[in-house]
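There are 2 protein chains.
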Amino acid sequence: MTLPDLLDEARALVDAELARRLAGDADDPGRLWEAMRYAVLGGGKRLRPALVLAAARAAGGTWEGALPAAAAVELLHAYTLVHDDLPAMDDDDERRGRPTVHVAFGEGTAILVGDALLTEAFAALAALGPRCAEAVAVLADRAGARWLLAGQARDLAGGATSLAELERMHAGKTGALFSAAAELGAIAAGAGADARARLRRYGMALGIAFQHADDLADGDHPRFAAEARRRLGELAADARAEIAPLGDPARPLAALIDWVAASAA
Amino acid sequence: MTLPDLLDEARALVDAELARRLAGDADDPGRLWEAMRYAVLGGGKRLRPALVLAAARAAGGTWEGALPAAAAVELLHAYTLVHDDLPAMDDDDERRGRPTVHVAFGEGTAILVGDALLTEAFAALAALGPRCAEAVAVLADRAGARWLLAGQARDLAGGATSLAELERMHAGKTGALFSAAAELGAIAAGAGADARARLRRYGMALGIAFQHADDLADGDHPRFAAEARRRLGELAADARAEIAPLGDPARPLAALIDWVAASAA
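Residue numbers (the numbering used here), protein chains in the order written: chain Y, 1 to 265; chain W, 1001 to 1265.
Bound conformation, chain Y alone (with noise of 0.2 Å):
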């Protein structure tokens, strides 16, 4: 399967998912729910849990049994950019061409299903059964306040002012969960230690690179661009350093890499 045909295929398999999840009440006090569907039902790449299906098959499982964590992934992500959207926070009227959901819905709404989303996130888990201790864990470390949201505590505190200091945050902002889905895969999957580790890293170094070849494409932090063309590179060969042992199952994550890589040159 050529890699756009595996997105395709996997975002189909998670929107359906996804919307399952999000059917909610018929009752819907306030209109939290049809908020929630607006946030995550309305478009996106849905790189993430395509990450989390593509990292579990990696490591010798299958992608229904991951599926709950690639939903987990992405419902994690859709709260993390409903609270990035606020006024308080970068304050943007506009999200995939359309209203963001505070504009659409109003800001304490916004909030609250920011928290309902980040909520669900941790109840997909739950379907993981015995395997959900550690994927909670996985999880809730990546997207906590040591990785995810330190990105963003940094990012507020003020710029950039060195590449070392940009990578940090894109660590924190993109690659924690990038890290946390390829390892969610393999925790799903039944991944021994060293394979979780390989993917762990795999992920992290992708959503690094990832957050660089978006400035670049953007023409964000111009003054970081030579440095970051260079990283980009560098990085890209750890992605797949980290995955070579994993053999041909491993093939679509190293098309991703080179998608990836490729889309910044």
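Don't take every hint at face value.
[As the list claims (entries may be wrong)] Over 12 Å on every C-beta distance to chain Y, these chain W residues come out as not near it, computed from the model: (1) 1119; (2) 1220; (3) 1231; (4) 1241.
[Unchecked claim] Partner residues are not named here, just some residues of chain W that face chain Y (Cβ under 10 Å, in silico): (5) 1027; (6) 1108; (7) 1111; (8) 1120; (9) 1151.
Because the hints were derived from the structure by calculation, they are not lab data. Heads up, the beta-carbon is just placed ideally off N, CA and C, and yes, glycines get one too.
Chain Y is fixed; fit chain W onto it per the hints.
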């Protein structure tokens, strides 16, 4: 042990566990961990975690085994207070005699603090190991968009026009987390389905009774005062009936509902 002694002992244990969990990173960008500690460690009766511990004993378990669940419930409660106090929600400047988190640390940081405490709440449940999946499902259900956040959304959408509506709001905003607390105690204790359901229903009745008592003490919702006083008596009787079959180990839970009922006399 008298109820005040039991609450004091539970509070000391829970406070130590919360301080341990919130020690955080030496490097604290944007003072995120400092603000998390400010939000959680600044006092509070710790009624909800005490309920987790008391329910665990009532179901044949130990305080030690239920401590992670107790910490989870208090972290979850603390996050709801931080987000509730935000300008777009209740817009409160003071809590427990000190500036609220958004006043002391800024609104953006307060949003992240709530997000981080919610994430840490689920992280705490990972310590329950094989019982994590059940615990996560219960906490996410009761703290999510079907219960707690539905109550918040209902409140945002406008006040109650009948006692039934008011009680529905109380069930979401207060009863849900009390019911989760009691049920999590049961889960940590490895209780059977009957004891677990009894403790869940006891917690819900206790929580709604607690909110009625609080309203009566504060003079809130005065038009429903007479009805609320009657309902408080009914809910206390319901709660006592639920735990009666659990016998002696449930005596602290009986004392707790008596104390709540008496506080509004």
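Each hint, compared with the structure:
no. : hint : verdict
1   : 1119 : 4 Å, violated
2   : 1220 : 20 Å, holds
3   : 1231 : 21 Å, holds
4   : 1241 : 28 Å, holds
5   : 1027 : 8 Å, holds
6   : 1108 : 5 Å, holds
7   : 1111 : 6 Å, holds
8   : 1120 : 6 Å, holds
9   : 1151 : 8 Å, holds
Consistency with the previously given hints fails for number 1 only.
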